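Each chain, written out:
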Amino acid sequence: KQEVTQIPAALSVPEGENLVLNCSFTDSAIYNLQWFRQDPGKGLTSLLLIQSSQREQTSGRLNASLDKSSGRSTLYIAASQPGDSATYLCATFTNAGKSTFGDGTTLTVKP
Amino acid sequence: GAVVSQHPSRVICKSGTSVKIECRSLDFQATTMFWYRQFPKQSLMLMATSNEGSKATYEQGVEKDKFLINHASLTLSTLTVTSAHPEDSSFYICSATKAGVYNEQFFGPGTRLTVL
Numbered sequence: 008k009q010e011v012t013q014i015p016a017a018l019s020v021p022e023g024e025n026l027v028l029n030c031s032f033t034d035s036a037i038y039n040l041q042w043f044r045q046d047p048g049k050g051l052t053s054l055l056l057i058q059s060s061q062r063e064q065t066s067g068r069l070n071a072s073l074d075k076s077s078g079r080s081t082l083y084i085a086a087s088q089p090g091d092s093a094t095y096l097c098a099t100f101t102n103a104g105k106s107t108f109g110d111g112t113t114l115t116v117k118p
Numbered sequence: 011g012a013v014v015s016q017h018p019s020r021v022i023c024k025s026g027t028s029v030k031i032e033c034r035s036l037d038f039q040a041t042t043m044f045w046y047r048q049f050p051k052q053s054l055m056l057m058a059t060s061n062e063g064s065k066a067t068y069e070q071g072v073e074k075d076k077f078l079i080n081h082a083s084l085t086l087s088t089l090t091v092t093s094a095h096p097e098d099s100s101f102y103i104c105s106a107t108k109a110g111v112y113n114e115q116f117f118g119p120g121t122r123l124t125v126l
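In the order they appear, the protein sequences are chains A and B. First residue of the first sequence? That's 8 in the numbering used here, and the numbers climb one at a time after it. First residue of the second sequence? That's 11 in the numbering used here, and the numbers climb one at a time after it.
Careful: at least some of the hints might be erroneous.
Claimed, not checked - Dumping the calculated DSBU-like pairs for lysine-lysine here, alpha-carbon to alpha-carbon at most 30 Å: (1) A:Lys49 <-> B:Lys65; (2) A:Lys49 <-> B:Lys51; (3) A:Lys117 <-> B:Lys74; (4) A:Lys75 <-> B:Lys65; (5) B:Lys24 <-> B:Lys51; (6) B:Lys51 <-> A:Lys8; (7) B:Lys51 <-> A:Lys117; (8) B:Lys108 <-> A:Lys117; (9) A:Lys8 <-> B:Lys74; (10) B:Lys108 <-> A:Lys49; (11) B:Lys24 <-> A:Lys117; (12) A:Lys75 <-> B:Lys108; (13) A:Lys49 <-> B:Lys24; (14) A:Lys117 <-> B:Lys65; (15) A:Lys8 <-> B:Lys65; (16) B:Lys24 <-> A:Lys8.
It is worth saying that the hints were derived from the structure and are not from the lab. None of the values given here were measured: they were computed from a predicted structure.
Chain A on its own, in the form it takes in the complex (with noise of 0.2 Å):
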């Protein structure tokens, strides 16, 4: 079974400043693995996909990476700011659209 870990729970930066999100997953079966951003009481926001067989996806201030082989991704957020205070998941998709989702980093971004 499928487990998807997202490490740190929570992170508080400085406006401007770069930061790396982290996530593990167990099974490396996975058909892609996408990165969301979810506001309090809001829906899913799609931020980047990626692949299994691409290593990372950007999209303006955002990088993210993928190592199948060790289970591994990063969401790196460039010049943060305070828009960017959310809840960042990540989750990985099996070829038949089965999710498994991880519990999030909540990012909070101070002016």
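Using the hints, position chain B against chain A.
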């Protein structure tokens, strides 16, 4: 685009009543839709996978007679919480994949259910 909507966004009901939540893919056909539940300060848990025109596949521990799922068309899936109890209060989120492609799931905005 790939937009998924849910209705209602928020519902409050009395214990023992049934509540229906709709999930719609607005600009694409979705042969597969997924239903998730998220309790406060917890992550999403997959409840069931819904395929158009066939019975839903439920995850272990999810009561299929309590959470009725209907996927009658390529753009609509419904989740009915029957005889709701306070412990069913949760945030319910659906997602959909484009027909024939499991590459990416597009998530709805969620429905907050509160059972009094």
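Could you check the structure against the hints above and give me the numbers of any it violates, in ascending order? 3, 4, 8, 11, 14 and 16
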